[in-house]
Amino acid sequence: MRTFFNVQDIGDLDAALKEALEVKENRFGCQQLGKNKTLLMIFFNNSLRTRLSTQKAAMNLGMNVIVLDVNAGAWKLETERGIIMDGDKSEHLLEAIPVMGCYCDIIAVRSFAGLRDRDYDYAETIVNQFVKYSGRPVVAMETATVHPLQAFADLITIHEKWTELQSNPAAKCTHDRPKVVMTWAPHCRALPQAVPNSFAQWMNAADVDFVIAQPEGYELDPMFTKGAKIEYDQHKALEDADFVYAKNWSCPGVKSPADYGKILSKDMSWTIDEEHMSWTNNGYFMHCLPVRRGLIVTDEVIESDRSLVIPEAANREISAEVVLKRVLEGLEG
Amino acid sequence: MRTFFNVQDIGDLDAALKEALEVKENRFGCQQLGKNKTLLMIFFNNSLRTRLSTQKAAMNLGMNVIVLDVNAGAWKLETERGIIMDGDKSEHLLEAIPVMGCYCDIIAVRSFAGLRDRDYDYAETIVNQFVKYSGRPVVAMETATVHPLQAFADLITIHEKWTELQSNPAAKCTHDRPKVVMTWAPHCRALPQAVPNSFAQWMNAADVDFVIAQPEGYELDPMFTKGAKIEYDQHKALEDADFVYAKNWSCPGVKSPADYGKILSKDMSWTIDEEHMSWTNNGYFMHCLPVRRGLIVTDEVIESDRSLVIPEAANREISAEVVLKRVLEGLEG
Amino acid sequence: MRTFFNVQDIGDLDAALKEALEVKENRFGCQQLGKNKTLLMIFFNNSLRTRLSTQKAAMNLGMNVIVLDVNAGAWKLETERGIIMDGDKSEHLLEAIPVMGCYCDIIAVRSFAGLRDRDYDYAETIVNQFVKYSGRPVVAMETATVHPLQAFADLITIHEKWTELQSNPAAKCTHDRPKVVMTWAPHCRALPQAVPNSFAQWMNAADVDFVIAQPEGYELDPMFTKGAKIEYDQHKALEDADFVYAKNWSCPGVKSPADYGKILSKDMSWTIDEEHMSWTNNGYFMHCLPVRRGLIVTDEVIESDRSLVIPEAANREISAEVVLKRVLEGLEG
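Residue numbers (numbering that gives the first Met the number 0), protein chains in the order written: chain A, 0 to 332; chain B, 0 to 332; chain C, 0 to 332.
One should not assume that every hint holds.
No copy is singled out in the list; a pair is fine if it fits within one copy or between any two copies.
[Unchecked claim] Using 20 Å as the maximum straight-line C-alpha spacing, the simulated PhoX-like pairs for lysine-lysine come out as follows:
#	residue 1	residue 2
1	K324	K178
2	K17	K34
3	K88	K265
4	K36	K235
5	K171	K17
6	K246	K88
7	K324	K225
8	K246	K178
9	K261	K131
10	K324	K265
11	K160	K88
12	K23	K254
13	K17	K160
14	K254	K17
15	K75	K17
16	K178	K23
If you are wondering where the hints come from, they were derived from the structure by calculation, not from laboratory data.
Working from the sequences, and respecting the hints, build out all of it.
See below:
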């Protein structure tokens, strides 16, 4: 595996899930693979879960880790040619990125959407420069449009819970495959679409019945959602759901590019509370974290025994380890 | 050992000192214990000695280390329930702390007293949240009220010097056990009481004759000092001292809660100079560092051959290694 | 080796180059040497290449690495004696530096010239304090006046290319030894002289024909350049050059101390473009990076197949590994 951005990069999902459960049982079993291999983690944006879980995963594999925090303001790379670089950009990406590739075997990059220029964001301008010029495999630690380590961890969590339910006669599992509803929920700030994009992409590829619930205007890019049912009536969407994946995102600008990155609704009736959960099939609550209580979800729901937010976070170590393991195996070849 | 905050956590002090000397002789002897174990070091406040020595100790033990710098201002955790989180706090501690616990085996936390709210500080609100919610053993790297890694390192230093003196006929060791005087000294800024609190607590538990010298109003909390002699006459206190432990602290607010965190005195006659040291039993000078020369101590005293400030700092690696070793052994069980 | 500042510290250059090529072939061959040894990297200034390459080199050698970022403004060390430290300096270097030495086996320091006080800069005040008080070997990661890890990497790069040329009959190598021209080039900011100082020092010691091309007033300190030819006519200097090492530096203040650190020229005719390169012996272009395109060099030249900027950067890992290996061998003794 040379890049990890999309669900296709991981190949067969059943095989990936099987490997994830093996890795979870034996986290330190592949240290020969990572020995003397270096992961360079580059953060253009802050990180808690992604930073800790990816670093932990790399160390599990016996890798060396170098963390580089790039303050978004401080390190401006020139990207144009034919420029006299006498301004605030002290280095050209055509030098900076190959140099970073010199000192590592794998590069992981976090670079969020700016939400100002849809074309720039959706072209994945920053991370694609790393793919093109670093000479190294590149792993997304949330880019402008995708967050596949999160989506993979979410899939592992759903798989674990569903397997558990199916083997439990008392759970009365009435569906052949789980109904997973990703529902938009209100937020006070404009957030990128990376998490819902990836979750939609992974759920479409997984063996689940996937529905997206959202207000009008929040349609995600079809390149991620194609095949998914979209419901504008949240109540109807949540009926009989086995898993409720709440998330806010700002306007993806699909129908109205001028609205890209804007907050179109703060409708608090979309906040997931106990009444919302009562519409489901005794469903589980999920969120990628960090979550704003009172906006996305109530205290009662997130603290209930149906909340999977901590197991999801814990599985970030596992998704990262499987991905790094696959990339390391690719290096061997 | 599941937590390390107070002297009681380390158990028998003679055994702990014996183990410290063994660790000092053989720092890399327990790497099997730390293999594939991860220490997460969380800093809400700056650190030089604590950061370097604790990281070094963990690496001596073969552990992986992840360092997380939390700018006190940047990462505000919501602690209340029933709140609509639409302000500057983007995550609730009930999610953030369990998540951090997912990616490590031991958590070490530095979080200083704010000195504005005595009840909040002395309740150890921040670190107790880590104890309660992280699911991991928690080690104090200086909290609002204690700094036990420092106090343990200081005890090791006193023990080493006293053993050396007792085995040296020329030293004319006239005391059965060392007289240790912790003396307040002036400073230009309001400082927390964590270091003097812990030093008092550890000296009370150790086989020493312990005296606290301080101006009126600087009485430390009796939960740390109980049993210790308090002298308001510094000259009298220093007479015949074997070890002089200088430290500034702001008003602990025991007698007058309204004065908590205030500077009550800048009396420069309390600065430790050669005359002060002449009152002692050819005593050693100690300080936890960083120290402000000219306020706490003169150049002559801190640079003299009776100054133990560098050996104290060097023993921080040892105290941290013993503590982490004990915690690791607890994980095994 | 106890310090690494000057070319003399590395001893015989042929032996050092031979060792560099061996290390490059077998980067992980000396891990027993670095086992349980700790490198403390202290940055008073930002770093990309130096940080990544030195950390990588230390990890190649099996060392533990602790990185300490010292914001130049935040951590002010008192250096005077007899001072009452009641200002913004919270620690004296006489405590801070020995303490840092306690927790490591080797110290690497980056501290740039301030360009305000020539005597202070050229006395290497900061790093010499580490040499004098840390008790540890000290490696320069660019100081006020030298950047030897860069110069050594440049020498390795020249040696590799020249060896390749000599073994290639088609290359028509007409010189017995390479002509290396270091040429000043314009820049929008005042830069230190560390890189050109070290490059001059190393080239003077190497088996090359070395020429410095520069405008009047940019004469480097003779302690670094002695023996080197200086040309004020860039065209004449570049004629028949095998390697063109472009670099900007501010006025070294040798002839006119009052001009120290000033920009004396922004003459864009010194920018290296294809015409400049046409004057050479099909020469290679070199630069230490980061480089400002349009000022130092044109896009065409730096992107051409005669550009060595990425191989130079890659050899930073090798120069650092040889240096750390030598220092580790010195510890054994």
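Structure-based check of each hint:
| no. | hint | in the structure |
| --- | --- | --- |
| 1 | K324 / K178 | neither (30 Å within a copy, 47 Å between copies) |
| 2 | K17 / K34 | neither (24 Å within a copy, 26 Å between copies) |
| 3 | K88 / K265 | between (38 Å within a copy, 18 Å between copies) |
| 4 | K36 / K235 | neither (50 Å within a copy, 47 Å between copies) |
| 5 | K171 / K17 | neither (25 Å within a copy, 59 Å between copies) |
| 6 | K246 / K88 | between (36 Å within a copy, 17 Å between copies) |
| 7 | K324 / K225 | neither (30 Å within a copy, 53 Å between copies) |
| 8 | K246 / K178 | within (17 Å within a copy, 63 Å between copies) |
| 9 | K261 / K131 | neither (31 Å within a copy, 39 Å between copies) |
| 10 | K324 / K265 | neither (41 Å within a copy, 51 Å between copies) |
| 11 | K160 / K88 | neither (49 Å within a copy, 31 Å between copies) |
| 12 | K23 / K254 | neither (42 Å within a copy, 55 Å between copies) |
| 13 | K17 / K160 | within (14 Å within a copy, 49 Å between copies) |
| 14 | K254 / K17 | neither (39 Å within a copy, 64 Å between copies) |
| 15 | K75 / K17 | neither (42 Å within a copy, 38 Å between copies) |
| 16 | K178 / K23 | neither (25 Å within a copy, 55 Å between copies) |
Hints 1, 2, 4, 5, 7, 9, 10, 11, 12, 14, 15 and 16 from the earlier list are contradicted by this structure; the remaining hints agree with it.
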